[in-house]
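Chains as they are written, first to last, in the working numbering: chain A, 1040 to 1180; chain B, 100 to 439.
Some clues are possibly wrong.
Ranges between beta-carbon positions, derived for each pair [claimed, not checked]:
id, chain 1, residue 1, chain 2, residue 2, range
1, A, Asn-1173, B, Asp-306, 49 to 57 Å
2, A, Asn-1062, B, Gly-274, 36 to 44 Å
3, B, Asp-387, A, Leu-1170, 50 to 58 Å
4, A, Ser-1111, B, Met-100, 46 to 54 Å
5, A, Glu-1043, B, Val-322, 16 to 24 Å
6, A, Lys-1106, B, Gln-121, 41 to 49 Å
7, B, Asn-327, A, Arg-1141, 51 to 59 Å
8, B, Val-322, A, Ile-1107, 34 to 42 Å
9, B, Asp-306, A, Met-1040, 32 to 40 Å
10, B, Leu-302, A, Met-1040, 32 to 40 Å
11, A, Leu-1170, B, Glu-436, 48 to 56 Å
Sample of chain A residues with no beta-carbon within 12 Å of chain B, all distances over it, derived [to be verified]:
id, residue
12, Phe-1057
13, Lys-1059
14, Gly-1064
15, Asn-1173
16, Ser-1180
The hints are simulated quantities; they were obtained by calculation from the structure and are not laboratory data.
All values reported here derive from a predicted model rather than from experimental measurement.
Cβ coordinates follow ideal geometry from the N, Cα and C atoms, glycine included.
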Amino acid sequence: MTIESTSIEQTKHVAADFAKQLNGGDVVFLEGDLGSGKTTFVQEVMEAFGYKEPVRSPTFSIMNRYKIDHPSIETVIHLDFYRFEDPSEIRSLGLDELYGHRTIVFIEWPSKGETLLSVFGKSHHVVFQQLPNNHHQIIFS
Amino acid sequence: MHILGIESSCDETAIALVEQTQGTFRVLKSALTSQVDLHALYGGVVPEVAAREHASHIFPLLESLGILPDGSEVDVIAVTAGPGLVPALRIGVELGKTLAYLWNKPIVAVNHLEGHMYSVWLQEPVSLFPALSLLVSGGHTELILMKDHGVYELVGMTRDDAAGEAFDKVAKLVGLSYPGGPAVSKASLRGNSKAIDFPRPMLESDDYDVSFSGLKTAVRMYVESHPNFSVEDVCASFQEAVVETLVIKTLKAVLAHAPKSVILSGGVSANRSLRERLHDQLAITFPDITFHAPELSVSGDNAVMIAIAAAFHANKKEYANPLTLEADPNMRLVVGEVAK
């Protein structure tokens, strides 16, 4: 499904709708160039989950973890592999300890790291593209 | 007092032995994986110094410092307990706990951000409180009011990207190589900071927060729509947007909180434009406020600052239990009021 968003408000609605589809165990791969809206999208999904604290870029921290109040999701893990030079770096994260049925994971720049997660739930792919005159194209698959 | 500092909160593994004499500090020994050729030291037995391979690096690093194995030259152990990446933090924390237990020495759990604020004490003690600290690095951009040793209040922060991260990403966008921050700063010297009017998001907001993600996007859009763009002008104009935003927000916070000192810390404190502009603006508008910035060697992640921060906790006997201390990826600074 491809959506062309023409405003920040519209992208927020798109994120809120997407949030409703998420369940514990899901993994969301986010792809797109620098500045195409990946982290902003995660912020908007978290807002839709009712999370009130700041959701900041995980580029330098690599992994941010949040606890949310949700029927099937207890923990949200927000990963960013932008700074990974080698897929083997993912092993240093100990993700298998942290991931489970009640956890969802957002991964930005997933191609820079191997996916060693055995998926309990669904995996979603979201690709972001910035179009002229500040429009965004978001492709869900 | 001799403090052994250990830092492994994200990329860097660092260990340092620091001496405190009254209020001043001296580095006796210091090693960081980013600066030591461990591979050469151990003739290939240690794997390549890959990022965040703290478990492989920490013991060779400790040994390379020549710390006496009986702990006789150490009075206090200091370790970064958080915030940071859990598996990374754990390596340093477990080493610290083990040494504390075996050597029967006290251990202080230090907050990484607190460490950055204390990095300036290496050069010169900050004696006037409250101190307002602008902490800017790859992973953090925060305005913190240090009311007294160990007593903080978060005044403002970035809503999305840290300043260092913005520099890094802009470097990538204009084709400069790693490390991005110094590359952008260097290119800016030959550029016109007024060439492009990049947005200064949140500058007018009522709070002390900043935001750099919109600025990053603006740089990208500019670069894409101007195929013959000048790298120097883009860098200078971008840097100007960041520096102006940070300086204005800091001065606004100074006006509201009336600190007696201002501390600039974190890796981005090495940015000459930011350092000089903040210093100069303070000197003009608030000449009675003292300004402190760290020596380059302790501006990035390091263990010296962790040892210094710990010294102040040790002075008040604020120790952790070596049997139960745990890494805390979300460790918060202690918020509170100064005891009357």
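For this structure, which hints from the list above don't hold up?
-> The structure conflicts with hints 1 and 15, although it agrees with all the remaining ones.
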